[in-house]
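A.B. asks: So the chains spell out like this:
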Amino acid sequence: MTRTLPSVTLVRRIKASPARVWAAITQADQMLRWWGPDAGPTLDVVADVRPGGRFSVVFRLLDGSEHNPTGVYQQVDPERALSFTWDLPGVHEPQSLVTFRLAAVDGGTELILTHEHLPDEAARRSHENGWNGLLDKLPVFLGDAA
Amino acid sequence: MVKHQASAIDRTFSALADPTRRHLLARLSDEPGLSVSELARPLSLKLPGMMKHLDVLSDAGLITRTKTGRTVSVHLSAEPMREAMAWLERYERLWTVSLDRLVALVEEEGGQ
Numbered sequence: 001m002t003r004t005l006p007s008v009t010l011v012r013r014i015k016a017s018p019a020r021v022w023a024a025i026t027q028a029d030q031m032l033r034w035w036g037p038d039a040g041p042t043l044d045v046v047a048d049v050r051p052g053g054r055f056s057v058v059f060r061l062l063d064g065s066e067h068n069p070t071g072v073y074q075q076v077d078p079e080r081a082l083s084f085t086w087d088l089p090g091v092h093e094p095q096s097l098v099t100f101r102l103a104a105v106d107g108g109t110e111l112i113l114t115h116e117h118l119p120d121e122a123a124r125r126s127h128e129n130g131w132n133g134l135l136d137k138l139p140v141f142l143g144d145a146a
Numbered sequence: 147m148v149k150h151q152a153s154a155i156d157r158t159f160s161a162l163a164d165p166t167r168r169h170l171l172a173r174l175s176d177e178p179g180l181s182v183s184e185l186a187r188p189l190s191l192k193l194p195g196m197m198k199h200l201d202v203l204s205d206a207g208l209i210t211r212t213k214t215g216r217t218v219s220v221h222l223s224a225e226p227m228r229e230a231m232a233w234l235e236r237y238e239r240l241w242t243v244s245l246d247r248l249v250a251l252v253e254e255e256g257g258q
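Chains A and B, in that order, are what the protein sequence lines are. Just so we're aligned: the first sequence equals residues 1 to 146 in my numbering. Just so we're aligned: the second sequence equals residues 147 to 258 in my numbering.
Be careful, since some hints might not be right.
Taking lysine to aspartate or glutamate and the EDC-like style, the derived pairs with C-alpha atoms no more than 16 Å apart in a straight line are [stated by the list, open to error]:
id: 1; chain 1: A; residue 1: Lys15; chain 2: B; residue 2: Glu253
id: 2; chain 1: B; residue 1: Lys213; chain 2: B; residue 2: Glu184
id: 3; chain 1: A; residue 1: Lys15; chain 2: A; residue 2: Asp106
id: 4; chain 1: A; residue 1: Lys15; chain 2: A; residue 2: Glu79
id: 5; chain 1: A; residue 1: Lys15; chain 2: B; residue 2: Asp246
id: 6; chain 1: B; residue 1: Lys213; chain 2: B; residue 2: Asp201
id: 7; chain 1: B; residue 1: Lys198; chain 2: B; residue 2: Asp164
id: 8; chain 1: A; residue 1: Lys15; chain 2: A; residue 2: Glu110
id: 9; chain 1: A; residue 1: Lys15; chain 2: B; residue 2: Glu254
Each pair of labels, with its calculated beta carbon distance range [what the hints assert, rightly or not]:
id: 10; chain 1: A; residue 1: Val11; chain 2: B; residue 2: Glu184; range: 38 to 44 Å
id: 11; chain 1: B; residue 1: Glu235; chain 2: A; residue 2: Gly53; range: 25 to 31 Å
id: 12; chain 1: B; residue 1: Arg216; chain 2: A; residue 2: Arg13; range: 54 to 60 Å
id: 13; chain 1: B; residue 1: Glu235; chain 2: A; residue 2: Lys15; range: 25 to 31 Å
To be clear about the criterion: a stretch of chain B counts as covered by chain A if any three or more of its residues have a C-beta under 8 Å from a C-beta of chain A, and this derived list gives those stretches [to be verified]:
id: 14; segment: 226–238
id: 15; segment: 241–251
Worth flagging that the hints you see were computed from the coordinates, not collected in a lab. Cβ coordinates follow ideal geometry from the N, Cα and C atoms, glycine included.
Chain A with its partners taken away, still in its complex shape (with noise of 0.2 Å):
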């Protein structure tokens, strides 16, 4: 695997076997009951998972606002890897990649989830290497241009 664009990489210990992690990140009725980036509600979730098949979450967060991402899963491997594509409708941004990794552990499950840009054809064959740290210095390029 190449690790090549800026990514958010989340990594969790989880006290639950990967078939019970497995269950809550594709069944539509557990994803119900976690999805959202605040305490708001999530409204709708479907959850085709097979390679081509659809996902589209429907969450309201605190503030009011409803959003939709949606996207078409591409890697299934029961209790071992999901990733799906992502794209929020309505938003303009570049089109990325979610993935879910889940390793058996002594007592239960390490869950290794990335969300990663996805880089243009060009852009994918151009570069092979890692990130290289460079996200460790962005506070600094930032911090420079305060």
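Take the given structure of chain A and dock chain B to it, following the hints.
C.D. replies: Okay, now just chain B, sitting in the frame of chain A:
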């Protein structure tokens, strides 16, 4: 207008997608105002290749070039990166909260 912003952030991410260009930006953050030849020297890059990378960075608004006599000095321009950073921060927040709730959900039911 919104469309324009989208292509700008795409250009930023695209420009950042190359390790040589990231290296150039990192060097410029340590040593602002390096000349083109000073930038090229440790990379064993031929000048045309170097100019191509600088053009990409410049198109993305990540650097500015100033000509003084025969020397072109290069400076970082952080504003486009601020937008890229905002994109990353937004998703970091979204997933941090969601994953906390996911963990709580599966752990609370884990023993059942």
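A.B. asks: Hint by hint, note whether the structure agrees.
C.D. replies: Hint check:
no.: 1; hint: A:Lys15 x B:Glu253; result: holds, 6 Å
no.: 2; hint: B:Lys213 x B:Glu184; result: holds, 14 Å
no.: 3; hint: A:Lys15 x A:Asp106; result: holds, 9 Å
no.: 4; hint: A:Lys15 x A:Glu79; result: holds, 15 Å
no.: 5; hint: A:Lys15 x B:Asp246; result: holds, 13 Å
no.: 6; hint: B:Lys213 x B:Asp201; result: holds, 15 Å
no.: 7; hint: B:Lys198 x B:Asp164; result: holds, 12 Å
no.: 8; hint: A:Lys15 x A:Glu110; result: holds, 9 Å
no.: 9; hint: A:Lys15 x B:Glu254; result: holds, 9 Å
no.: 10; hint: A:Val11 x B:Glu184: 38 to 44 Å; result: holds, 39 Å
no.: 11; hint: B:Glu235 x A:Gly53: 25 to 31 Å; result: holds, 30 Å
no.: 12; hint: B:Arg216 x A:Arg13: 54 to 60 Å; result: holds, 58 Å
no.: 13; hint: B:Glu235 x A:Lys15: 25 to 31 Å; result: holds, 29 Å
no.: 14; hint: 226–238; result: holds (count 8)
no.: 15; hint: 241–251; result: holds (count 10)
Consistency note: the structure conflicts with none of the earlier hints.
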